[in-house]
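Participant: The listed protein sequences correspond, in order, to chains B and G.
Numbers 2 to 212, taken from my numbering, label the letters of the first sequence in order.
Numbers 2 to 212, taken from my numbering, label the letters of the second sequence in order.
Careful: at least some of the hints might be erroneous.
[Said to hold, decoys possible] Selected chain B positions facing chain G (Cβ under 8 Å, derived; list incomplete):
{"#": "1", "residue": "Gln51"}
{"#": "2", "residue": "Val141"}
{"#": "3", "residue": "Ile169"}
{"#": "4", "residue": "Tyr207"}
[Unchecked claim] What follows is a list of derived Cβ distance ranges for each label pair:
{"#": "5", "chain 1": "B", "residue 1": "Asp168", "chain 2": "G", "residue 2": "Leu115", "range": "26 to 32 Å"}
{"#": "6", "chain 1": "G", "residue 1": "Gln150", "chain 2": "B", "residue 2": "Arg108", "range": "27 to 33 Å"}
{"#": "7", "chain 1": "G", "residue 1": "Arg172", "chain 2": "B", "residue 2": "Glu77", "range": "20 to 26 Å"}
{"#": "8", "chain 1": "G", "residue 1": "Gln148", "chain 2": "B", "residue 2": "Gln51", "range": "48 to 54 Å"}
If you are wondering where the hints come from, they were derived from the structure by calculation, not from laboratory data.
None of these values were measured; they are calculated from a predicted model.
Heads up, the beta-carbon is just placed ideally off N, CA and C, and yes, glycines get one too.
Protein chains: 2
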Amino acid sequence: MANKTAPDSARRSEKSRRAIYDAALALVGEVGYQKTTIEGIAARAGVGKQTIYRWWASKAEVLLEAFLDLSAQAAEAAARPEVVGEHAEYEIPDTGDLEADLKAVLRATVDELLDPKFEVPSRALAAEGVVNRQLGTEFVGKLLEPQLQLYVKRLRAAQEQGAVRPDIDPRIALELFVSPLAQRWLQYTGPISYDYTDALVEYALYGLAPR
Amino acid sequence: MANKTAPDSARRSEKSRRAIYDAALALVGEVGYQKTTIEGIAARAGVGKQTIYRWWASKAEVLLEAFLDLSAQAAEAAARPEVVGEHAEYEIPDTGDLEADLKAVLRATVDELLDPKFEVPSRALAAEGVVNRQLGTEFVGKLLEPQLQLYVKRLRAAQEQGAVRPDIDPRIALELFVSPLAQRWLQYTGPISYDYTDALVEYALYGLAPR
Numbered sequence: 002m003a004n005k006t007a008p009d010s011a012r013r014s015e016k017s018r019r020a021i022y023d024a025a026l027a028l029v030g031e032v033g034y035q036k037t038t039i040e041g042i043a044a045r046a047g048v049g050k051q052t053i054y055r056w057w058a059s060k061a062e063v064l065l066e067a068f069l070d071l072s073a074q075a076a077e078a079a080a081r082p083e084v085v086g087e088h089a090e091y092e093i094p095d096t097g098d099l100e101a102d103l104k105a106v107l108r109a110t111v112d113e114l115l116d117p118k119f120e121v122p123s124r125a126l127a128a129e130g131v132v133n134r135q136l137g138t139e140f141v142g143k144l145l146e147p148q149l150q151l152y153v154k155r156l157r158a159a160q161e162q163g164a165v166r167p168d169i170d171p172r173i174a175l176e177l178f179v180s181p182l183a184q185r186w187l188q189y190t191g192p193i194s195y196d197y198t199d200a201l202v203e204y205a206l207y208g209l210a211p212r
Numbered sequence: 002m003a004n005k006t007a008p009d010s011a012r013r014s015e016k017s018r019r020a021i022y023d024a025a026l027a028l029v030g031e032v033g034y035q036k037t038t039i040e041g042i043a044a045r046a047g048v049g050k051q052t053i054y055r056w057w058a059s060k061a062e063v064l065l066e067a068f069l070d071l072s073a074q075a076a077e078a079a080a081r082p083e084v085v086g087e088h089a090e091y092e093i094p095d096t097g098d099l100e101a102d103l104k105a106v107l108r109a110t111v112d113e114l115l116d117p118k119f120e121v122p123s124r125a126l127a128a129e130g131v132v133n134r135q136l137g138t139e140f141v142g143k144l145l146e147p148q149l150q151l152y153v154k155r156l157r158a159a160q161e162q163g164a165v166r167p168d169i170d171p172r173i174a175l176e177l178f179v180s181p182l183a184q185r186w187l188q189y190t191g192p193i194s195y196d197y198t199d200a201l202v203e204y205a206l207y208g209l210a211p212r
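Chain B with its partners taken away, still in its complex shape (with noise of 0.2 Å):
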């Protein structure tokens, strides 16, 4: 809707931006982040190293931004967004039924990972991150953490209906499924799937004692 009144040099501008985020994302998955330069980014992108120079201060900052954008275009795809002021924000569904809710949203998860225009450049990015504090530090924080808060506000409301027990942690319980899909994505440690990570949400809610 707001292209359709956005003045030429607004619309040049989305444009520009737009080539700039997917020769950052294929560049650095192609090459990987220490290869990765500004330089590298305006070739592929077709513009002016000053270009991106009078947006962003450093490839790290253009990558961020890049993969917000992509995590958008990903939520959006997926139909997930609640529009709040100038924002889009995603929320886990609340159907009232956590179970269902969480198998949801972890199925979308699987397909996402799945999805090579996602998984490319997040391998890269992850790979640097593990091996580099700083900026592992700044993308989880900007990247997955706000993630993983949709699942601590969903466990939250969890507790207040009554499916979840009030003396669990939600951030330190949303782990149980959460982490065992990241480690087998990024480390090869085994297959993913609906079935898996349906078993996951389910061992995770009732136990593996008996009950």
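Given chain B, put chain G in place with the hints provided.
Facilitator: For chain G alone, kept in the frame of chain B given last:
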């Protein structure tokens, strides 16, 4: 014991082998997997390149054995080996108290993950494995999976003892407490401590839902 009666040549070989392992682990921690070379390992270990090629075909093979040796040292330090035939094998203790046994082994893992001797080379290798599927799969299969199978064995014993539900898949179940710790360590998604791993074990065994 064996060293006392070993001929001088065997003792020299053992000394060279250990020097090569140490050099390989130090180098990969400093410059990463990509920039680690047989030449660099040989120079640092003070041996000829041919000495390395006599025993190993590639840097991946040297590093794999160096990590296996490092893990064996860590396990010996934790006094967990049971000598079976010629090989030291490692087991998760079975005191009959699954919760206590899992907490103990995860606390030992926290110590290992925070030990720089283990952490620095392990991060370098893990980072490469994220973007290099062949290497990741090989190293996980030879280094990580055998450790995960110790949990499978302990959980199967727990199923026989009635402490874990019989319909649970132990290979998935172990991920509820192992993967969260792995992800916090790999991706800096949160602090790791004994309290944290204790909580993971409790949540996994008894579930998040009210009982």
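Participant: Against each hint, give a clear statement of whether it holds in the structure.
Facilitator: Now for the hints, and whether the structure bears them out:
1. Here the hint on Gln51/B is broken, as its CB sits about 31 Å from the closest CB of chain G, past 8 Å.
2. Interface restraint check: Val141/B against chain G, minimum CB-CB distance 5 Å, threshold 8 Å, status holds.
3. With its C-beta approaching chain G no nearer than about 5 Å, Ile169/B sits inside the 8 Å limit, and its interface hint holds.
4. For Tyr207/B, the interface hint holds, the least distance from its beta-carbon to any beta-carbon of chain G being 5 Å, beneath 8 Å.
5. Checked against the hint of 26 to 32 Å, the C-beta distance between Asp168/B and Leu115/G comes to roughly 27 Å, which is consistent with it.
6. With their beta carbons about 28 Å apart, Gln150/G and Arg108/B fall inside the hinted range of 27 to 33 Å.
7. Taking 20 to 26 Å as the suggested C-beta distance range, the pair Arg172/G and Glu77/B does not conform, at roughly 36 Å.
8. Distance hint for Gln148/G and Gln51/B: a CB-CB separation of about 51 Å, consistent with the stated range 48 to 54 Å.
Against the hints set out earlier in the document, violations occur for numbers 1, 7.
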